[in-house]
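**Q** As you go down the protein sequences, you meet chains A and B in turn.
Under this note's numbering, the first residue of the first sequence carries the number 1, and numbering increases by one thereafter.
Under this note's numbering, the first residue of the second sequence carries the number 1, and numbering increases by one thereafter.
Calculated from the structure, these hints are not laboratory results.
For glycine and all other residues, C-beta sits at the position ideal for the given N, C-alpha and C.
Some hints here could point you the wrong way.
Said to hold, decoys possible - Covered by chain B, per the in silico footprint, the following chain A stretches (three or more residues, Cβ under 8 Å):
(1) 64-70
(2) 106-113
(3) 118-129
(4) 163-173
(5) 186-194
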Amino acid sequence: MSGTTGSANRVTAHALRRELHASRAVPSVITGILVAAACILLFLEAVLKAVGDPPFLIDLEKVAAALGRLPGLLPASVLVPAGLLVFVLGLVLALAALLPGRRARYAVPNARAAVVVDAEILAATLARRARLAAGVGPEQVLVTVGRRRVEVSVRPTSGIPVDAEAVRWAVEEDLRGTVAEPFPTVQVSIAPSGVIGQ
Amino acid sequence: MNSTPRALNRILLGLFGLVLMAAGAATAAAALIPEAARTWRAVSSSAAAGTRSLGVRGGEDWLWILLALIFLLLATLMIIWLAVQGRGRTGDFIKDGGQEPGEAAGTVTITAAAAEQALKVALQDRRDLVNAAVTTWRFRGTSALRIRVYPRQGAAPARVAEEVAGLVEALDVVLGHRAPVLISISAGARARFTHADRVS
Numbered sequence: 001m002s003g004t005t006g007s008a009n010r011v012t013a014h015a016l017r018r019e020l021h022a023s024r025a026v027p028s029v030i031t032g033i034l035v036a037a038a039c040i041l042l043f044l045e046a047v048l049k050a051v052g053d054p055p056f057l058i059d060l061e062k063v064a065a066a067l068g069r070l071p072g073l074l075p076a077s078v079l080v081p082a083g084l085l086v087f088v089l090g091l092v093l094a095l096a097a098l099l100p101g102r103r104a105r106y107a108v109p110n111a112r113a114a115v116v117v118d119a120e121i122l123a124a125t126l127a128r129r130a131r132l133a134a135g136v137g138p139e140q141v142l143v144t145v146g147r148r149r150v151e152v153s154v155r156p157t158s159g160i161p162v163d164a165e166a167v168r169w170a171v172e173e174d175l176r177g178t179v180a181e182p183f184p185t186v187q188v189s190i191a192p193s194g195v196i197g198q
Numbered sequence: 001m002n003s004t005p006r007a008l009n010r011i012l013l014g015l016f017g018l019v020l021m022a023a024g025a026a027t028a029a030a031a032l033i034p035e036a037a038r039t040w041r042a043v044s045s046s047a048a049a050g051t052r053s054l055g056v057r058g059g060e061d062w063l064w065i066l067l068a069l070i071f072l073l074l075a076t077l078m079i080i081w082l083a084v085q086g087r088g089r090t091g092d093f094i095k096d097g098g099q100e101p102g103e104a105a106g107t108v109t110i111t112a113a114a115a116e117q118a119l120k121v122a123l124q125d126r127r128d129l130v131n132a133a134v135t136t137w138r139f140r141g142t143s144a145l146r147i148r149v150y151p152r153q154g155a156a157p158a159r160v161a162e163e164v165a166g167l168v169e170a171l172d173v174v175l176g177h178r179a180p181v182l183i184s185i186s187a188g189a190r191a192r193f194t195h196a197d198r199v200s
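Using the sequences and the hints given, assemble the complete structure.
**A** Here's what the structure looks like:
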């Protein structure tokens, strides 16, 4: 039985990892379509060359010859920006391949299933908890959730002080009850000027 | 949950990225540095000479046919790469054949719709969820359920997760089978625009 539990845990961990990282399907599909279209055009032109028909859109022989004389053919004011543009496109693809691509989601510990929660939902929940702890209205609390840090900013009601430590404690407790480790650190900032309360 | 080939995506994107970076850098360098321009011309003329000598040996048509076949192969590979993105939905939740000795012959199939509908109906009655979607995917050799719930504003995700997992455990008991389950608590567009449920 422990064997099946172990493999179930591995499957759950695998599902979580996939759910927390981007699949790179969108850049892949765009790249795939462009490369496939280029290959089909080049295939067509090569076939036309092979049977001796006039070219359809580009003459492969002429293009190849022009490519060989490119540094002298076009001025540097055209070639340098074009080269840089191609370089930047390549850099974007290479970064998509190398960067982890974390999604704004968090794992929720659960014994039975792999559970993930969107950062937006988590922020709304923490804002609600912070509002109750601070005793202010919903418009007076702003929560920003990052991977390492949760920022809570509270605008207190005029004349009623807010205990930042109590808010921090409440938000931290809620966070620890919701997401899996490592926990983001909670920072609470109280605005120096208050507002008329609701 | 889908079977998008993530490693392949990253490898191919990295490959195309490197090729484009090299081509762009070479073009800019050839325009700026005279030495690089000379190298560019030398490489291209030697490549042209090599191609010409190949063409002399077998006739020029043969080279064009080879080139056409290479491009056809590349285009086919690209289309296969496109086709394998985002696949993996399945219609069978459990398919159990009586292969073991002593078991009756035949197969037992529980369709994905059975498990999906059971969970959907259970989730529909909840006031703290705007919507729920249940789908079945082929994942690591078994069928896995993906439950996507869209909670109303103010619903605690930990509690939603706990209770949906409870429903899954009830389904486990009914079907006698523990499938991998992913519960995704999402902020859908509808959840964002509806007001918090004040009476809860």
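**Q** Each hint should be assessed against the structure and marked as holding or not.
**A** Hints, verified against the model:
Against chain B, the region 64-70 of chain A contributes 6 residues with a C-beta closer than 8 Å to a partner C-beta. That satisfies the three-residue criterion, and the hint holds. By the rule of at least three residues with a Cβ nearer than 8 Å to a Cβ of chain B, the coverage given for the region 106-113 of chain A holds, with 5 such residues. Check on the region 118-129 of chain A: 7 of its residues sit with their Cβ under 8 Å from a Cβ of chain B, so the three-residue criterion for coverage holds. Closer than 8 Å: that is the beta-carbon criterion, and the region 163-173 of chain A has 0 residues meeting it against chain B, so the requirement of 3 is violated.
Closer than 8 Å: that is the beta-carbon criterion, and the region 186-194 of chain A has 0 residues meeting it against chain B, so the requirement of 3 is violated.
Going down the numbered hints, you'll see the structure goes against 4 and 5, while the others check out.
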